[in-house]
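Q: Listed below, chain by chain, are the residues.
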Amino acid sequence: MSTPTWAQLTNLGVAVLFILSLKALSSPKTARLGTLVGAVGAAVATIILFFTGIELDNLAVIIAMIIIGSVIGAVSARRVKMTAMPQMVALFNGVGGGAAGLIAVVEFLHAKDDPTLLFWIFTVLTVIIGSVAFSGSIVTYLKLQEIMTTRPVVLPAGKWVTILVAVAVAVFAIWGIIDPQFWIILILLVLSLVFGVLFVLPVGGADVPIVISLLNALTGLAVAASGYVLNNVLLLIAGTLVGASGTLLTMMMAKAMGRPLTATLFGAFSGTTAGSAGPGSDRPVRSSSPQDVAIMLGYADKVILVPGYGLAVAQAQSTLRELADLLAERGIDVDYAIHPVAGRMPGHMNVLLAEANVPYEQLKEMDEINPEFPSTDVVLVVGANDVVNPAARTDQSAPIHGMPILDVDTAGQVVFLKRSMRPGFAGIENELLFDPKTTLLFGDAKESLTKVVASLKAL
Amino acid sequence: MDGVTLLTIFILSIFVGFEVVSKVSAVLHTPLMSGANAIHGIVLIGGIIVTGAADTPLELILGALAVLLGAINLVGGFVVTDRMLEMFKPKKATAKDGEA
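In the order they appear, the protein sequences are chains A and B.
For the first sequence, this note's numbering begins at 1 and goes up steadily by one.
For the second sequence, this note's numbering begins at 1001 and goes up steadily by one.
Keep in mind the hints are simulated off the structure, nothing from the lab.
Incorrect hints may have been included.
Calculated lysine-lysine pairs in the DSS-like style (CA-CA distance at most 30 Å, straight line) [what the hints assert, rightly or not]:
id, chain 1, residue 1, chain 2, residue 2
1, A, Lys81, A, Lys29
2, A, Lys437, B, Lys1023
3, A, Lys29, A, Lys364
4, A, Lys159, A, Lys81
5, A, Lys23, B, Lys1023
6, A, Lys364, B, Lys1023
7, A, Lys81, A, Lys437
8, A, Lys364, A, Lys255
9, A, Lys29, B, Lys1023
10, A, Lys451, A, Lys81
11, B, Lys1023, A, Lys302
12, A, Lys255, A, Lys451
13, A, Lys255, A, Lys112
14, A, Lys302, A, Lys451
15, A, Lys112, A, Lys23
Output of the computed footprint for chain B on chain A, the stretches with three or more beta carbons under 8 Å from beta carbons of chain B [claimed, not checked]:
id, segment
16, 13–24
17, 83–97
18, 175–188
19, 288–300
FRET-style restraints, in silico, Cβ to Cβ [what the hints assert, rightly or not]:
id, chain 1, residue 1, chain 2, residue 2, range
20, A, Ser397, B, Met1001, 46 to 56 Å
21, B, Thr1056, A, Met251, 37 to 47 Å
22, A, Ala60, B, Leu1058, 10 to 20 Å
23, B, Gly1003, A, Trp175, 18 to 28 Å
A quick note: this is a predicted structure, and the numbers were derived from the prediction, not measured.
Each residue gets a CB set at the ideal place from its N, CA and C atoms; glycine is no exception.
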């Protein structure tokens, strides 16, 4: 490889830009700049590649594919609804993994002058990791897009099939390294794709975002390995950066959700992940009408709104904001309590509410809002359950035990807008629903909120 | 470049990767993941390199597909990240108005 020195130095600069980009993305003030820095770095690295004097045939095909891919990427990223953004990220991640896998396959076909053992090892690794990231991401996309169930899918003997496939991947990987033949790589590719599917299928509910983050880290590793295969330092650095930061991010997400990472991963094998919700209980609850809820809210002094995943599903962010505005007009103190994992991913709810023009200063984070609940008259919980479940504090056996929650049970009254008595993702009963100070309003969050807003206007 | 040099770069990059995101707040987990996702879209240049060197139709087809997927990952990743973060920014300005 005879990359000119200026190009190597430029690539070093690009690697630094990527590091600065990740650094900037970690802080709210600089996050947007971070995106720009990363994008500039990527653009520079791509453009200079054409001027480094490396052999580049098929130039027309390459340019055409870059243009088509860029248009597809930009248009779909522009058009996607903010609620559907997590699955969009999953999809982009998947195609990146697929690209890395394909590169390794092409390099395998192309390999000529007796490559080293390390070359074969990294080629095989890239094929495996890239394929797993690709098919796994596609399954998470299908789950989040609700094309297939979001619940864990446990196949009969799924655990053993998964283990069997994993062993087969390992066997063919070693075989492919010792005796590099194309048909072995093809089998390895198919087995890895199957493994990715089997790996993600039993993961459900709240664990899906953690798995997306993990697959993101995996794609990073695949890219790093492809950098080794191609002897390209920039790919190696960028891939490794994403692999490492993605791994740490996955661990932090798991921690924020009170889910040990091992439970997510190995729960995937045993099928005991969070989300195996049983049927609702038959115990009596106090349900109410939109009019009653409007009266409770309308004559309170201080109201805290707790938006959850159900709000996002019902696309009711704007209606909730309308309600908050009405209450504020009546001189009522209104805040939103945002649990770190409200929505589908950490930070997702902030994005959704910001999109609905909710003023930034009304969004209160958990640590900030928790001391305020005891002095609050009414807490309105819209489509959230696990994040307000006191069992996380008290019940040692609960799967969410230890997860920090919003202390809504310390408020005067609690109103839940829920679709049904079905438990949340964690699949555990919420005692708070049966508390005498709790009122339930059943129905789609958007419809319920619209009715409450109408009743409030009529007060 | 020899294997040991690449290994050195690999190991050091792991530490840098861990270090740069170690202080991120939960609010930014999703945008950060999305930004990292965009960065590994740089796999695009790997696709360009293999396609540029492709000799057979099969290599060309697979390579071209890799370029296509890489470009989707790279461009889409950055655009979606920017859209997420865009949501935060103008609101801060209105928040200031509200306080005044």
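Q: Would you mind marking each hint as holding or not holding in the structure?
A: To see whether the hints hold, each was checked on the structure:
no.	hint	verdict
1	A:Lys81 to A:Lys29	24 Å, holds
2	A:Lys437 to B:Lys1023	39 Å, violated
3	A:Lys29 to A:Lys364	17 Å, holds
4	A:Lys159 to A:Lys81	35 Å, violated
5	A:Lys23 to B:Lys1023	9 Å, holds
6	A:Lys364 to B:Lys1023	20 Å, holds
7	A:Lys81 to A:Lys437	37 Å, violated
8	A:Lys364 to A:Lys255	20 Å, holds
9	A:Lys29 to B:Lys1023	14 Å, holds
10	A:Lys451 to A:Lys81	25 Å, holds
11	B:Lys1023 to A:Lys302	34 Å, violated
12	A:Lys255 to A:Lys451	37 Å, violated
13	A:Lys255 to A:Lys112	47 Å, violated
14	A:Lys302 to A:Lys451	21 Å, holds
15	A:Lys112 to A:Lys23	40 Å, violated
16	13–24	holds (count 5)
17	83–97	holds (count 8)
18	175–188	violated (count 0)
19	288–300	violated (count 0)
20	A:Ser397 to B:Met1001: 46 to 56 Å	54 Å, holds
21	B:Thr1056 to A:Met251: 37 to 47 Å	43 Å, holds
22	A:Ala60 to B:Leu1058: 10 to 20 Å	18 Å, holds
23	B:Gly1003 to A:Trp175: 18 to 28 Å	22 Å, holds
Hint compliance for this structure: hints 2, 4, 7, 11, 12, 13, 15, 18 and 19 are not met, and every other hint is.
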